[in-house]
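Modelling step: build the complete structure from the supplied sequences, incorporating the hints.
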Amino acid sequence: MNMPLYVAPEQIMKDRADYARKGIARGRAAIAATYADGVLLCAENPSNTLRKVSEIYDRIGFIGVGKYNEFDQLRIAGVRHADLKGYTYSREDVDARWLANQYAQTLGQYFTHEMKPLEVELLVAEMSPEVGEDRLFHLLYDGTVMDTTTHVVIGGEADVIGNRLQDAWSAGLPLEDAVRVAVGALAGPDRELVPDDLEIAVLARDGERRSFRRIEGDDLGGLLE
Amino acid sequence: MTLPLFTPDQDPGPSFLGLLDRLGLGAPEISGPIEAGVITHGTTVLAIHTRDGVVMAGDRRATSGHHISHHSMEKVFPADRHSGVAISGAAGPAMEMVRLFQLQLEHYEKVEGSPLSLEGKANQLSLMVRGNLMAALQGMVVVPLFAGWDERLEQGRLFQYDITGGRYEERRYATGGSGGVHASSVIKLRHAPDLDIGVAVDIAVEALFEAAEEDSATGGPDPVRGIFPVIATIGPGGFERLTEDEVEARTTVLLERLSDRGAR
Numbered sequence: 000m001n002m003p004l005y006v007a008p009e010q011i012m013k014d015r016a017d018y019a020r021k022g023i024a025r026g027r028a029a030i031a032a033t034y035a036d037g038v039l040l041c042a043e044n045p046s047n048t049l050r051k052v053s054e055i056y057d058r059i060g061f062i063g064v065g066k067y068n069e070f071d072q073l074r075i076a077g078v079r080h081a082d083l084k085g086y087t088y089s090r091e092d093v094d095a096r097w098l099a100n101q102y103a104q105t106l107g108q109y110f111t112h113e114m115k116p117l118e119v120e121l122l123v124a125e126m127s128p129e130v131g132e133d134r135l136f137h138l139l140y141d142g143t144v145m146d147t148t149t150h151v152v153i154g155g156e157a158d159v160i161g162n163r164l165q166d167a168w169s170a171g172l173p174l175e176d177a178v179r180v181a182v183g184a185l186a187g188p189d190r191e192l193v194p195d196d197l198e199i200a201v202l203a204r205d206g207e208r209r210s211f212r213r214i215e216g217d218d219l220g221g222l223l224e
Numbered sequence: 000m001t002l003p004l005f006t007p008d009q010d011p012g013p014s015f016l017g018l019l020d021r022l023g024l025g026a027p028e029i030s031g032p033i034e035a036g037v038i039t040h041g042t043t044v045l046a047i048h049t050r051d052g053v054v055m056a057g058d059r060r061a062t063s064g065h066h067i068s069h070h071s072m073e074k075v076f077p078a079d080r081h082s083g084v085a086i087s088g089a090a091g092p093a094m095e096m097v098r099l100f101q102l103q104l105e106h107y108e109k110v111e112g113s114p115l116s117l118e119g120k121a122n123q124l125s126l127m128v129r130g131n132l133m134a135a136l137q138g139m140v141v142v143p144l145f146a147g148w149d150e151r152l153e154q155g156r157l158f159q160y161d162i163t164g165g166r167y168e169e170r171r172y173a174t175g176g177s178g179g180v181h182a183s184s185v186i187k188l189r190h191a192p193d194l195d196i197g198v199a200v201d202i203a204v205e206a207l208f209e210a211a212e213e214d215s216a217t218g219g220p221d222p223v224r225g226i227f228p229v230i231a232t233i234g235p236g237g238f239e240r241l242t243e244d245e246v247e248a249r250t251t252v253l254l255e256r257l258s259d260r261g262a263r
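Residue numbers (numbering that gives the first Met the number 0), protein chains in the order written: chain A, 0 to 224; chain B, 0 to 263.
Because the hints were derived from the structure by calculation, they are not lab data.
Just to be clear, a hint being listed does not mean it is correct.
[What the hints assert, rightly or not] Chain A residues, not near chain B, derived (Cβ > 12 Å throughout):
{"#": "1", "residue": "Pro-3"}
{"#": "2", "residue": "Pro-8"}
{"#": "3", "residue": "Met-12"}
{"#": "4", "residue": "Asp-36"}
{"#": "5", "residue": "Pro-45"}
{"#": "6", "residue": "Glu-54"}
{"#": "7", "residue": "Asp-71"}
{"#": "8", "residue": "Thr-143"}
{"#": "9", "residue": "Glu-156"}
{"#": "10", "residue": "Asp-189"}
{"#": "11", "residue": "Asp-195"}
{"#": "12", "residue": "Leu-219"}
[Stated by the list, open to error] With a straight-line cut-off of 25 Å between C-alpha atoms, the simulated SDA-like cross-links for lysine to any residue are:
{"#": "13", "chain 1": "A", "residue 1": "Lys-84", "chain 2": "B", "residue 2": "Leu-102"}
{"#": "14", "chain 1": "A", "residue 1": "Lys-84", "chain 2": "B", "residue 2": "Glu-95"}
{"#": "15", "chain 1": "A", "residue 1": "Lys-84", "chain 2": "B", "residue 2": "Gly-25"}
{"#": "16", "chain 1": "A", "residue 1": "Lys-13", "chain 2": "A", "residue 2": "Gln-108"}
{"#": "17", "chain 1": "A", "residue 1": "Lys-66", "chain 2": "B", "residue 2": "Pro-13"}
{"#": "18", "chain 1": "A", "residue 1": "Lys-66", "chain 2": "A", "residue 2": "Glu-156"}
{"#": "19", "chain 1": "A", "residue 1": "Lys-84", "chain 2": "B", "residue 2": "Lys-187"}
{"#": "20", "chain 1": "A", "residue 1": "Lys-84", "chain 2": "B", "residue 2": "Gly-112"}
{"#": "21", "chain 1": "A", "residue 1": "Lys-66", "chain 2": "B", "residue 2": "Asp-10"}
{"#": "22", "chain 1": "B", "residue 1": "Lys-187", "chain 2": "B", "residue 2": "Glu-209"}
{"#": "23", "chain 1": "A", "residue 1": "Lys-66", "chain 2": "B", "residue 2": "Pro-11"}
Where is the CB? At the ideal position from N, CA and C, for every residue including glycine.
Listed below in structure tokens is the structure:
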């Protein structure tokens, strides 16, 4: 008589977590940090066309790291979800906490029920019209959600980069300092990152309805000098 | 409401309307004709081509049959940062069309990571007007004007539509709604190929004033309640709506000129 192969649930979960972590650790890191006039979204990304940082809604931005097709699918689902909610109710009813919860549900569902977990880490950022009320939601591959109001690092080598960022970051930095701090933390002491290696955007607290702005080309070069 | 994830063969792509259809939230079917008197209608809108971009304007009256249902309705809206849309016809479906059109453009831009071309936007609106054809045949006609700044050609462009979704690009000006014919007479006499955008704004104010005199469904300026036409310019800097104060000032100048002449 054949006995079904028994694997302890702890072992299954550990194997899945290891698998997802390995996939994510291969990619480059990204940072979200609040600054004086909004939220800075900054990713190391050598590609100019395959985006990690994007706009979800008026005051909500998104960063995905890990497997591109997986986080991009989640990004699009987020845009759809936010636009649908804004259409059904009103624009002010769309918030990041609710979107982060939806992402957490989906990631958790994949982690426990599907063949393989999603190899992604996400960040949902919300800029608030009030200074100090910005929210950053950090989502792990298994659906874990963490929220902060200051700064977050996601992706490979997050711990090391996080320590560097922690030392240099402070509340209420102007944009150019915030960019320098974030890029310095991503690069570390032995490397230098040029604008082509970076993808930077802000959720700007400037009164416009859509707050997401990319900082590219000469503007970015100017900030990094 | 759960996260809308689709398999690749079910994916609606960058279309918000496609997404609504996929989720069964599309517009309801209309089964029979609707009596004209019960539908709220918005009336006169216009767009003028100038060398610096396009001016769009609309009066503020909405009517249901012979009844004036709103005194301060708005008919000129930004479609996105670089384009605008003005509506005439059945107000309810028209406002909904504008809302969906705005969302459609923004949704496309966010999903795809880059905005549609101006031509693409004009064609999108064409499809939406065509989608309203069955309703139009039951009495709910919606005919928009669309104008925008074409960043590739570096010029303003404007488009007129018919109820079947037919799209006609105009080089000089376009009008819509019941007072449109009177407004176009005014514009026609004063339009020139290298028109200044400030002059075009004055022409728009005068055209709407004349239309309001000749057409009962078009509302004139109302200094008592402070209701003036909605006017917007679309140039390289994008869609900009003129402030109420500026439109009021220009209307006052026009009214003084007309009374000095003793024409009224």
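Exercise for review: Take a quick look at A/Thr-143 and tell me if its Cβ sits farther than 12 Å from every Cβ on chain B, holds or violated.
Suggested key: 17 Å, holds
Practice item. Verify the proposed pairing of A/Lys-66 with A/Glu-156, using a straight-line Cα cut of 25 Å. Key: Given pair A/Lys-66, A/Glu-156 holds - Cα atoms ~16 Å apart, limit 25 Å.
**Study point:** Status of the stated non-contact between A/Pro-8 and chain B (beta carbon gap over 12 Å)
**Key:** 26 Å, holds
Exercise for review: Take a quick look at A/Asp-189 and tell me if its Cβ sits farther than 12 Å from every Cβ on chain B, holds or violated.
Suggested key: Since the minimum Cβ distance to chain B is about 33 Å, A/Asp-189 lies beyond 12 Å and the statement holds.
**Study point:** Beyond 12 Å from each Cβ of chain B, as asserted for A/Pro-3
**Key:** 31 Å, holds
Practice item. Classify the label on A/Leu-219 as holds or violated, using whether its beta-carbon is more than 12 Å from each beta-carbon of chain B. Key: 17 Å, holds
Point to revise | Proposed proximity, A/Gln-108 with A/Lys-13 (alpha carbon, max 25 Å) | key: 16 Å, holds
Check your understanding: A/Lys-84 and B/Lys-187: Cα distance at most 25 Å?
Key -> Not OK: A/Lys-84 and B/Lys-187 at ~45 Å, beyond 25 Å, violated.
Point to revise | 12 Å Cβ clearance of A/Asp-71 from chain B | key: 10 Å, violated
Point to revise | A/Lys-84 paired with B/Gly-25 [C-alpha distance capped at 25 Å] | key: 15 Å, holds
Review point. Can the restraint linking A/Lys-84 and B/Gly-112 be considered satisfied, given a maximum Cα separation of 25 Å?
Key: 20 Å, holds
**Study point:** Proposed proximity, B/Glu-95 with A/Lys-84 (alpha carbon, max 25 Å)
**Key:** 16 Å, holds
Checked against the numbered hints given earlier, the structure breaks hints 6, 7, 19 and satisfies all the rest.
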